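Undergrad: As numbered in UniProt numbering, residues 1 to 239 make up the sequence shown, in order.
Please keep in mind that the hints were generated in silico from the structure rather than gathered at the bench.
Do not take every clue at face value.
To be verified - Calculated lysine-lysine pairs in the DSSO-like style (CA-CA distance at most 30 Å, straight line):
(1) K104 <-> K59
(2) K163 <-> K116
(3) K104 <-> K91
(4) K59 <-> K91
(5) K104 <-> K163
(6) K59 <-> K116
(7) K96 <-> K116
No experiment lies behind these values; they were computed from the predicted model shown.
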Amino acid sequence: MTGKSEGPAIGIDLGTTYSCVGVWQHDRVEIIANDQGNRTTPSYVAFTDSERLIGDAAKNQVAMNPMNTVFDAKRLIGRRFSDASVQDDMKLWPFKITPGPGEKPMIGVNYKGENKQFAAEEISSMVLIKMHEISEAFVGSSVKNAVITVPAYFNDSQRQATKDAGAIAGLNVMRIINEPTAAAIAYGLDKKASSVGEKNVLIFDLGGGTFDVSLLTIEEGIFRSKVHRRRHTSRRRGF
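Given these sequences and hints, build the entire structure.
TA: The following block contains the structure:
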């Protein structure tokens, strides 16, 4: 918890296909439902002739507006246009990707009759804005501070770009933490392990973008990642 003027800190799982937001309330974590009653929100942003859509509204119109509906921004964030993974994914996306300054991948869309380009962190910031709004509607007050999870394999560039996305969304990103660590904390393993010395924990994270397996050691509430393996789980690639 932070100061009363800033409200509680929120936790955001910024996922490849879906995102969710939670807050500590009444001695437990409450995963907050969006305006559609869902506790997960599609990580989709769509641009039309008249408006910008985020989440369920964006995903629901993707078949009618595929070239201007952006998803999988997490696959681009912090990467270079020439990266093999970017070149591979580009062949499957309906929207256009071009190289920007410093080889940053830029997403091209038509918005209100004009051609626009957005970096992946800008698209991610729009999803974060949506999650921020969901949390404030639930809490009933202003929320400034957030913790955002990222895959354990994210490098420094990807982590910084995620933090930048939070800043663009108007959030003070207190910490970027690894998704396996967040899962272990959610199950209270940090507390369970504190009284029995070092413990090894195997975390399976089957997400929309990758299937991650991590071996963590927990001792006195401190997490260390020993081994991490991942495999793409895209609906287009299969396992």
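Undergrad: Now tell me, hint by hint, if it's right for this structure.
TA: Now the hints, each set against the structure:
With a C-alpha separation of about 25 Å, the suggested pair K104 and K59 falls inside the 30 Å cut-off, and the hint holds. Of the supplied pair hints, the one linking K163 and K116 holds, its CA atoms being roughly 23 Å apart against a limit of 30 Å. Of the supplied pair hints, the one linking K104 and K91 holds, its CA atoms being roughly 17 Å apart against a limit of 30 Å. Distance restraint check for K59 and K91: the Cα-Cα separation of roughly 20 Å lies within the 30 Å cut-off, and the hinted pair is therefore satisfied.
Distance hint between K104 and K163 is fulfilled; the C-alpha atoms sit about 16 Å from each other, no more than 30 Å. Distance check on the hinted pair: K59 and K116 sit about 20 Å apart at the alpha-carbon level, within 30 Å; holds. Of the pairs offered as hints, the one joining K96 and K116 holds, with about 11 Å between alpha carbons and a cut-off of 30 Å not exceeded.
Checked against the numbered hints above, the structure breaks none of them.
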